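Add chain B to chain A, keeping to what the hints say.
Protein chains: 2
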Amino acid sequence: MDETSRFKLTVVDHALRLFAEKGYEATTVDEIAEAAGISRRTFFRQFRSKEDVVFADHEAQLAQAEAFLGAATGDPWDAVCEAVVGVFERFSQTRELAARRYRVVRQVAALRDREIVTVFRYERLFTDYLRSRVAGVDDLALIQFTAAVTATHNYLLRRMVRGRSEASPGDLRAALAAIPRLGRESAGELVVAVFPRDMPPGRIADLLAHRLGNL
Amino acid sequence: MDETSRFKLTVVDHALRLFAEKGYEATTVDEIAEAAGISRRTFFRQFRSKEDVVFADHEAQLAQAEAFLGAATGDPWDAVCEAVVGVFERFSQTRELAARRYRVVRQVAALRDREIVTVFRYERLFTDYLRSRVAGVDDLALIQFTAAVTATHNYLLRRMVRGRSEASPGDLRAALAAIPRLGRESAGELVVAVFPRDMPPGRIADLLAHRLGNL
Numbered sequence: 537m538d539e540t541s542r543f544k545l546t547v548v549d550h551a552l553r554l555f556a557e558k559g560y561e562a563t564t565v566d567e568i569a570e571a572a573g574i575s576r577r578t579f580f581r582q583f584r585s586k587e588d589v590v591f592a593d594h595e596a597q598l599a600q601a602e603a604f605l606g607a608a609t610g611d612p613w614d615a616v617c618e619a620v621v622g623v624f625e626r627f628s629q630t631r632e633l634a635a636r637r638y639r640v641v642r643q644v645a646a647l648r649d650r651e652i653v654t655v656f657r658y659e660r661l662f663t664d665y666l667r668s669r670v671a672g673v674d675d676l677a678l679i680q681f682t683a684a685v686t687a688t689h690n691y692l693l694r695r696m697v698r699g700r701s702e703a704s705p706g707d708l709r710a711a712l713a714a715i716p717r718l719g720r721e722s723a724g725e726l727v728v729a730v731f732p733r734d735m736p737p738g739r740i741a742d743l744l745a746h747r748l749g750n751l
Numbered sequence: 537m538d539e540t541s542r543f544k545l546t547v548v549d550h551a552l553r554l555f556a557e558k559g560y561e562a563t564t565v566d567e568i569a570e571a572a573g574i575s576r577r578t579f580f581r582q583f584r585s586k587e588d589v590v591f592a593d594h595e596a597q598l599a600q601a602e603a604f605l606g607a608a609t610g611d612p613w614d615a616v617c618e619a620v621v622g623v624f625e626r627f628s629q630t631r632e633l634a635a636r637r638y639r640v641v642r643q644v645a646a647l648r649d650r651e652i653v654t655v656f657r658y659e660r661l662f663t664d665y666l667r668s669r670v671a672g673v674d675d676l677a678l679i680q681f682t683a684a685v686t687a688t689h690n691y692l693l694r695r696m697v698r699g700r701s702e703a704s705p706g707d708l709r710a711a712l713a714a715i716p717r718l719g720r721e722s723a724g725e726l727v728v729a730v731f732p733r734d735m736p737p738g739r740i741a742d743l744l745a746h747r748l749g750n751l
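Quick note, the sequences are listed as chains A and B, same order. If you read the first sequence in the working numbering, its first letter stands for residue 537, the second for the next number, and so on. If you read the second sequence in the working numbering, its first letter stands for residue 537, the second for the next number, and so on.
Just chain A, same shape as in the assembly:
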């Protein structure tokens, strides 16, 4: 983490503490600036608004994930999973801050909405990256993969900040590895179709047609 990011994180830390103590609406930018020992002008050089402070670390995370993917050279599907694990690891390191954010966000409808929009940006980043790196893969397979990957990360992160789980980055990695990559190139892959014994033949036909259409 560079100097600017560390500085921003200190301000974020003070702001979230004040939001938790006094409420989000009741806390002014002047109070945040005073608590962080900076001027109002310096605050607005770093953040566009009070709301931006709440999501500043997401912005940093998104930038880091994008940089990671830009430099990745191996299997693109693995790269997306590793980018996600990287985000999770960094949130684990600033767990108290993430937990405090969670408690503030869930009480303010506008912040909850903004969080949903922010989370969606990770999904779009991963989709755009995969599209640019894998050829000949059904776009739907790609979309399903990034949706499941992002949802998995968010689920484990939410449990962590609520103190309901001690999931490690390794647990996340295993959960991500279990997400199928339907569009994966089939070289050297043996396809075995497995269905519940009671599945209707029509559905089996649909599944097979779809699966084989992707290979």
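Treat the hints as calculated values from the structure; they're not laboratory data. Just so we're clear, the structure is a prediction, and the values are computed from it rather than from any experiment. Any given hint might turn out to be false.
Because identical chains cannot be distinguished in the list, a pair is counted as satisfied if it fits within a single copy or across any two copies.
Taking lysine to any residue pairs in the SDA-like style, the calculated list, with each CA pair at most 20 angstroms apart, reads [said to hold, decoys possible]:
| id | residue 1 | residue 2 |
| --- | --- | --- |
| 1 | Lys586 | Glu567 |
| 2 | Lys558 | Glu602 |
| 3 | Lys586 | Asp649 |
| 4 | Lys586 | Ala645 |
| 5 | Lys586 | Ala646 |
| 6 | Lys586 | Arg639 |
| 7 | Lys544 | Asp734 |
Chain B only, in chain A's frame:
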């Protein structure tokens, strides 16, 4: 569709046409009311704001999907897929309106954000429903399923309103059927593990542990 819904849809239709012609910001509620032949007061009895008009049919869709799930009696995973197909079918029937909305929404950042939040409500509806109906299934499997299901629907819907796809409800049904239900009860199911020949043993072990942990 009941009388009130049909009436609302007429107002939505006029509003989206005006937004497309004059721009969203430049169009006033008075202009919408006049075009729809209703009073300002009647408008505000149906919609809380100008923004609400844009997403009114999503509200109706969500209510219908919720009612469908509430009445569904068969396999809960199938019920979610059928609820999604129902939403898609209804959007197909008002395709011009959905296409006009798409063109308006993509030009206004606030509306794009609101759409992301709206879309997320479907995902949460499906997750809550599945949680209430299936027992003993890993929550993660459930989350991954509803994320992939919702993303699949949104992808095909977006292509439809952009005029880039003629995907039918049957195509959507097949694409949804291909999404694995990892947490599915294993009674009568034969498990065969299939991996690419070049997969590292560590990753195979992770995948097996995760998959078997869910059964």
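Status of the hints after comparison with the structure:
no. : hint            : in the structure
1   : Lys586 - Glu567 : within (11 angstroms within a copy, 35 angstroms between copies)
2   : Lys558 - Glu602 : neither (35 angstroms within a copy, 37 angstroms between copies)
3   : Lys586 - Asp649 : both (15 angstroms within a copy, 18 angstroms between copies)
4   : Lys586 - Ala645 : both (15 angstroms within a copy, 19 angstroms between copies)
5   : Lys586 - Ala646 : both (12 angstroms within a copy, 18 angstroms between copies)
6   : Lys586 - Arg639 : within (16 angstroms within a copy, 31 angstroms between copies)
7   : Lys544 - Asp734 : neither (57 angstroms within a copy, 44 angstroms between copies)
This entry does not satisfy hints 2, 7, going by the numbered hints stated previously.
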